[in-house]
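Visitor: Sequence:
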Amino acid sequence: MFKGSARLQTHCATRFIEDAKDDRFFLWLHYMEPHYPYEVHDAHDFGSARRDRYDSEIARADAAIGEVLDTLKAQGVADRTIVIVNSDHGEAFGEHNTRFHGSTLYEEQIRVPLIVHAPGLPARRLRALVGNVDLVPTILDLLDVDHDLPLQGRSLVPLLLGGDDDSDAPMPFAFAELPGAMRGLSPGVAHRDALRLGDLKLVWNPTDAVAELYDLKADPIEERNLATRRPDDVVRLRSVIAALKDECRRINRAATAEDSPPSRSARDPVADARATLATDAPWGEVVAALEALLDAPADASKQLAPQLQPLLAGPPIVARRAAWVLARTGDAAGRAVLEVAYGSGDDLVKLIGAAGLACLGDSRGVEDLRPWLVSLAHRAKTCARWIDALARLRTFAVAPEVVEILANGYRHHSLLVAVIAWLAAVEGEDATGVWIPILSGWDPDVAARAQAACSRRLGADRARRLVAAGADLVDVRDLAEQGKFEDAIAAAERVARACGSDAAGAPWWLQAARLAHRLGDATRRDEYRARVMASRVAAWREAAERLPRVPQTPSDHDALEVVEFGPAGISPFNPTSLVVFRARLENRSSEVIAGGRWGLSPPLTPTWWQGAEAFWESNEPILLPDPGLLPGEETTVYLIGRIPLGRGDVSVRPGVYWPQSGPRRIARATERAHAVHLPADGAVGLDPAEVVFTGADVRAGWIRSPSIIGGELDADGSVVFACPGPGLWLMSPVIEDVGKPVSFELTYRVIVRGDRTPTFRCVSEYGPKPGEGPQRENAAPLPVKPELWKVPARFPTVGGRGVRLIRLLPTDGADLIVIDRIRIFLKS
13 MFKGSARLQT HCATRFIEDA KDDRFFLWLH YMEPHYPYEV HDAHDFGSAR RDRYDSEIAR
73 ADAAIGEVLD TLKAQGVADR TIVIVNSDHG EAFGEHNTRF HGSTLYEEQI RVPLIVHAPG
133 LPARRLRALV GNVDLVPTIL DLLDVDHDLP LQGRSLVPLL LGGDDDSDAP MPFAFAELPG
193 AMRGLSPGVA HRDALRLGDL KLVWNPTDAV AELYDLKADP IEERNLATRR PDDVVRLRSV
253 IAALKDECRR INRAATAEDS PPSRSARDPV ADARATLATD APWGEVVAAL EALLDAPADA
313 SKQLAPQLQP LLAGPPIVAR RAAWVLARTG DAAGRAVLEV AYGSGDDLVK LIGAAGLACL
373 GDSRGVEDLR PWLVSLAHRA KTCARWIDAL ARLRTFAVAP EVVEILANGY RHHSLLVAVI
433 AWLAAVEGED ATGVWIPILS GWDPDVAARA QAACSRRLGA DRARRLVAAG ADLVDVRDLA
493 EQGKFEDAIA AAERVARACG SDAAGAPWWL QAARLAHRLG DATRRDEYRA RVMASRVAAW
553 REAAERLPRV PQTPSDHDAL EVVEFGPAGI SPFNPTSLVV FRARLENRSS EVIAGGRWGL
613 SPPLTPTWWQ GAEAFWESNE PILLPDPGLL PGEETTVYLI GRIPLGRGDV SVRPGVYWPQ
673 SGPRRIARAT ERAHAVHLPA DGAVGLDPAE VVFTGADVRA GWIRSPSIIG GELDADGSVV
733 FACPGPGLWL MSPVIEDVGK PVSFELTYRV IVRGDRTPTF RCVSEYGPKP GEGPQRENAA
793 PLPVKPELWK VPARFPTVGG RGVRLIRLLP TDGADLIVID RIRIFLKS
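Position 804 of the sequence shown, counting from 1, maps to 816 under the numbering used here, and the rest follow consecutively.
Any given hint could be a false lead.
Stated by the list, open to error - Below 27 angstroms or equal to it, Euclidean Cα-Cα: the simulated DSS-like pairs (lysine-lysine) are:
id, residue 1, residue 2
1, 839, 752
2, 314, 393
3, 362, 314
4, 314, 257
5, 752, 802
6, 362, 393
7, 802, 839
8, 314, 229
9, 752, 781
FYI, nobody ran anything at the bench for these hints, they're computed from the structure.
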């Protein structure tokens, strides 16, 4: 469900109740209003402060629930309906160094309401300690359902009937956990257990064996850790946690016998790489080891230089990564390899060269890396590698991109840690303002790291002022989106002034100028613009200079035209995965089109089409660069789109959402659209009469298993994949069933280490729905030759049906697969 859906939810609930009133029914509603960004609702306006706006969201949801209850009464079913109001989380507003929810086990995030209404139950308020696991047993008990299900939790019916006076009830407890696999959180934060037993609460970190013990009666906001003063209570509560986990494993029959390991206990990449490099490991395994080293601390790789340097003479996909790993340690032995990579015509290879050279102090690739940073932030480890390289240059040139990355409060911890290192490294005071958004946020471990680094860099007093300014920064966008421009401008001013100088506060003076422009206040706009001119960041100065020319309401909402569009080749093209598309756009209007994150800048996103029908996918909007576009000016942006699942034949094209008029098509977007043929019901597929896939086409259109590494283009246009283990595959787009035999030609070569003879399995699939019909398979040894080798195959019809999918499965030591082209055709 999406934010702001209360009206839709209530409408659907009302219609459902009207239709189901004569039957037994179950209805689940999920109101999303109490979520960031917090909005003020006119009927529930308590003020513009964050907590007041959050209260307004709660009141809006409460009013919507009231409408549903009124419908139950109006339809005559209220006296036979059980109503339960509950929440899945609370919300943090800076307590325990965090914001939002889902990142800690403190009371502000896990203490939630529970309201139960059932016919015949008297109204009362109970103080008993209960948990969400008690809901299912309670509902079954209220409905008098006889069962022997092994449920967690207990029925609350005795409490509901007897109040808090049940002297026979055991001492109440509540258990909560934060799994180690919690996506994006720091390993030092994820994997927590919490137990409340009476008034005592234990928060236990099993990874580091760290305990926090609180007396919630005396200390309800959990500020005084009693663990060292009451060790016996820590031991007692830990034993209860252990017993609870044992019981959970018995109840959940599908669970394994052991807890899933915390993320911090993952294998040591340096030790693994040392073990791999010490043997004649297949090239695919070597590439995987080098990838792991790129994500490890650079100093840890210094000891591996004797094993890494010989790899510089290996295949290019290996040599490039070895050179980059060495460069991160300050070793320039691979500079020549990185120079060649930087000169490549393939973006993926060029970026490796740019990042590696940056690690050696060569800044030539900064402008090549910049456009990718925001779009690749969803691939946190990749983006973190680039930020790490830029930190070694101490360059502030990428500050606009870093500010945009930090605008998303839920970025992966590995990327945020890299940003902290970059901030600590950049020279000059200009970076002061960029610290603010990372000093507080979702992940308390990241916030603590950032605050410590900022204190070392700028001093403790200044760091504290910047932390306080972070609360105002959260308000700037929220208030502006609700049309409260004066409040938003005041908040932006406070943030900018906290930075200490105009140059340091430039990004926030620019926001203040933009807000004043939206308000039509040219005097304040120009005052703020003048302050931005103190910045050494050209993008911010250009944005400020062009601001007066940005129209409040553009006269031409079809101002953008697509010059080029297609997959960028930087990420695998798999269903449900996020893929990056390159779009070159031109401003064909006579007006300036705004860039940056503010209300007059149009977000861009891939749009998906099936025939003439557009459908929605969860894409992440990308904005034009801060300066925007002058009339006739072009820019290249990298858009993020999630590949749809279950749609079959679709196309993707760039789309734009103009703040003043909603979604619009971009000129020439249809003719620049990229076609995709995916396995699904009703998929027609590619006409097999004659289809030729070059190396770039294979990378952009064939679906590959996530474990395959690379997809880099050689100078001759071949695509190179590294195969680090078994279970790998490449799958063709869906092929149209024309009821005829289909011919297939694979032009490739295989690079192996040692004297192994690799094999390929080839699986062909038939039937009206790909993946569910008959299959035919063959496996053959692959000739290991330095030159390209053409292998023909012919897929006969099966039951009168033609082949729909072709899978290539490299096995048995097929280290590196180089594909020059694949041809699918019909023989007359």
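Visitor: Check each numbered hint from earlier against the structure, then list the numbers of those it violates in ascending order.
Guide: 4, 8
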